[in-house]
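Model the full structure from these sequences, guided by the hints.
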Amino acid sequence: MSDTVKTLELSGRRITLVGTAHVSSESVDEAVSVIAAEAPDAVCVELDEARWKAMNSPDSWEKTDIVKVIKEGKAFLLLANLALSSFQRRMGADSGVKPGAEMVAAVRAAEAAGIPYRFCDRDVQTTLRRAWGKSNFWNKSKLSAQLIAAAFSNEKPDAAEIERLKVRSELDEMMGELADYLPSVKEVLIDERDRYIAASIWATPGDRIVAVIGAGHAAGVEEWLGRLAAGEATTDVGDLELVPPKGFLARSAGWLVPALIVGLITLGFFTSGAEASLRLLLRWVALNGTLAALGSLLCLAHPLTVLVSFAAAPIATLNPLVAVGFFAGIVEAWLRKPRVSDFQTLSTDAATLRGFYRNKVTHILLVFFLSSLGGALGNFIALPFLAGGAL
Numbered sequence: 000m001s002d003t004v005k006t007l008e009l010s011g012r013r014i015t016l017v018g019t020a021h022v023s024s025e026s027v028d029e030a031v032s033v034i035a036a037e038a039p040d041a042v043c044v045e046l047d048e049a050r051w052k053a054m055n056s057p058d059s060w061e062k063t064d065i066v067k068v069i070k071e072g073k074a075f076l077l078l079a080n081l082a083l084s085s086f087q088r089r090m091g092a093d094s095g096v097k098p099g100a101e102m103v104a105a106v107r108a109a110e111a112a113g114i115p116y117r118f119c120d121r122d123v124q125t126t127l128r129r130a131w132g133k134s135n136f137w138n139k140s141k142l143s144a145q146l147i148a149a150a151f152s153n154e155k156p157d158a159a160e161i162e163r164l165k166v167r168s169e170l171d172e173m174m175g176e177l178a179d180y181l182p183s184v185k186e187v188l189i190d191e192r193d194r195y196i197a198a199s200i201w202a203t204p205g206d207r208i209v210a211v212i213g214a215g216h217a218a219g220v221e222e223w224l225g226r227l228a229a230g231e232a233t234t235d236v237g238d239l240e241l242v243p244p245k246g247f248l249a250r251s252a253g254w255l256v257p258a259l260i261v262g263l264i265t266l267g268f269f270t271s272g273a274e275a276s277l278r279l280l281l282r283w284v285a286l287n288g289t290l291a292a293l294g295s296l297l298c299l300a301h302p303l304t305v306l307v308s309f310a311a312a313p314i315a316t317l318n319p320l321v322a323v324g325f326f327a328g329i330v331e332a333w334l335r336k337p338r339v340s341d342f343q344t345l346s347t348d349a350a351t352l353r354g355f356y357r358n359k360v361t362h363i364l365l366v367f368f369l370s371s372l373g374g375a376l377g378n379f380i381a382l383p384f385l386a387g388g389a390l
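Numbering-wise, numbering that gives the first Met the number 0 puts 73 at position 74 of the sequence shown, and it's gapless, one number per residue.
These are calculated hints, taken from the structure and not from any lab test.
All C-beta atoms, glycine included, are put in the ideal place defined by N, C-alpha and C.
A hint or two may mislead.
[As the list claims (entries may be wrong)] Between beta-carbon pairs, the in silico distance windows are: (1) Trp254 - Leu306: 26 to 32 Å; (2) Ala258 - Asp122: 20 to 26 Å; (3) Arg357 - Pro204: 45 to 51 Å; (4) Trp333 - Trp254: 28 to 34 Å; (5) Ser340 - Pro115: 35 to 41 Å; (6) Leu255 - Trp333: 29 to 35 Å; (7) Ser271 - Tyr356: 43 to 49 Å; (8) Leu255 - Arg353: 58 to 64 Å; (9) Ala112 - Ala202: 17 to 23 Å; (10) Pro302 - Phe379: 51 to 57 Å; (11) Ala202 - Ala258: 46 to 52 Å; (12) Asp238 - Thr270: 47 to 53 Å.
[Unchecked claim] Derived lysine to aspartate or glutamate pairs resembling EDC-like cross-links, with alpha carbons at most 16 Å apart: (13) Lys5 - Glu221; (14) Lys5 - Glu37; (15) Lys5 - Asp238; (16) Lys52 - Glu8; (17) Lys133 - Glu222; (18) Lys133 - Asp206; (19) Lys133 - Asp190; (20) Lys133 - Glu240.
Shown next as structure tokens:
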């Protein structure tokens, strides 16, 4: 048995952890062979229902209503999902192994042997929402930058590098770097899921369990299983499925900028008169609208979308419940409706910057993101000018 397979004897139960690299052909073979050798009562895999359905329904993207995604405020989550999937897809390109192939192989092996199986990971949307919700503004900026870099990087690990992802020392170094760079994200992506996966495994009926999990979770899951066996932890993980509510500062921040803008323009009226106040208003509209329009322009959006971005930016600023990208994205989707072929090639196109621009679905998401970003930058740049003119 290899170093990536570990059998635990806990409270009369035999739990075998198979640590894998998600794009490794060796991991696929190992998962199948361990299940055959152990003949367990149940098999657990590091997947959730949504990812399993996506992996088995290649046409699922075709059913996406992009306008509905924007209206429900899920555009950034979809963009993040595409960035992550394109990164994993690129990692598996050279090895010829699709991301998660070892999980699929484990499920197929269990089905063939008549062994019950269970998806033991947390829903990916919940994980992304918690990672975003628990990050401050600076960490959110770094997370966005990392997602964009991962989506468009041309770097591909070779087979040896992929296999090293299963080695403890390599993983410790990577986890240490992630903890230093984005501690809140590391907590949600790794630590919380270690506990969640361990609880799911422990709650699975049977005395002999085989769990196929990413090697990065192996040590943490082993630790939590030990705590569960000792009665030091519980399988109740409801707290890990909640999206953390925004704090007072986060809730107030959306209204703070509009209040400052209106306050400074009003102050300009009392200190310098109506003409000065009007100049301040026009200056703000110009900066806010121009940078929002520039965001759409950088996406090569339709001219009408660019105009809507300019006009909608001040409205969206004064109503923080609606982003500039909401208007820009809806208009772009109306003018350049995605075709079925855009959804069919979505995962492939999301792997390159050129593909992001060419595919109408990802193009709309870019318009949403960059027009919103431009409007936000316009406000921050405008505030010092408004303050200087009003005081």
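Item to complete: Take the C-beta atom of Ala112 and the C-beta atom of Ala202, compute their distance, and say whether it sits inside 17 to 23 Å.
Response: holds, 22 Å
Worksheet entry | Range hint 29 to 35 Å (beta carbons of Leu255 and Trp333) holds or violated | holds, 32 Å
Worksheet item: Straight-line Cα separation of Lys5 and Glu221 no greater than 16 Å?
Response: The hint holds at about 9 Å.
Worksheet item: Is 20 to 26 Å a correct range for the gap between the Cβ atoms of Ala258 and Asp122?
Response: Roughly 36 Å apart at Cβ, these two residues miss the hinted range, so it is violated.
Fill in: Restraint status (C-alpha distance of Lys52 to Glu8 at most 16 Å)
Violated - the C-alpha atoms of Glu8 and Lys52 are around 33 Å apart, more than 16 Å.
Discussion item. Check the hint pairing Lys133 with Glu240 against an upper bound of 16 Å on the C-alpha distance.
Written reply: holds, 13 Å
Worksheet item: Could one say that the CB atoms of Ala202 and Ala258 fall in the range 46 to 52 Å?
Response: holds, 49 Å
Worksheet item: For the pair Asp238 and Thr270, does the Cβ-Cβ distance stay inside 47 to 53 Å?
Response: About 51 Å separates the Cβ atoms of Asp238 and Thr270, which means 47 to 53 Å holds.
Worksheet item: Has the given pair, Lys133 with Asp190, been kept, meaning a C-alpha gap of at most 16 Å?
Response: holds, 14 Å
Item to complete: Measure nothing beyond the straight line between the CA atoms of Lys5 and Glu37; if it is 16 Å or shorter, mark the hint as holding.
Response: holds, 12 Å
Item to complete: Could you check the hint for me, namely that Trp333 and Trp254 are 28 to 34 Å apart, CB to CB?
Response: About 30 Å separates the Cβ atoms of Trp333 and Trp254, which means 28 to 34 Å holds.
Discussion item. Does the beta carbon distance between Arg357 and Pro204 stay inside 45 to 51 Å, or does it fall outside?
Written reply: holds, 49 Å
Hints 2, 8, 10, 15, 16, 17, 18 from the earlier list are contradicted by this structure; the remaining hints agree with it.
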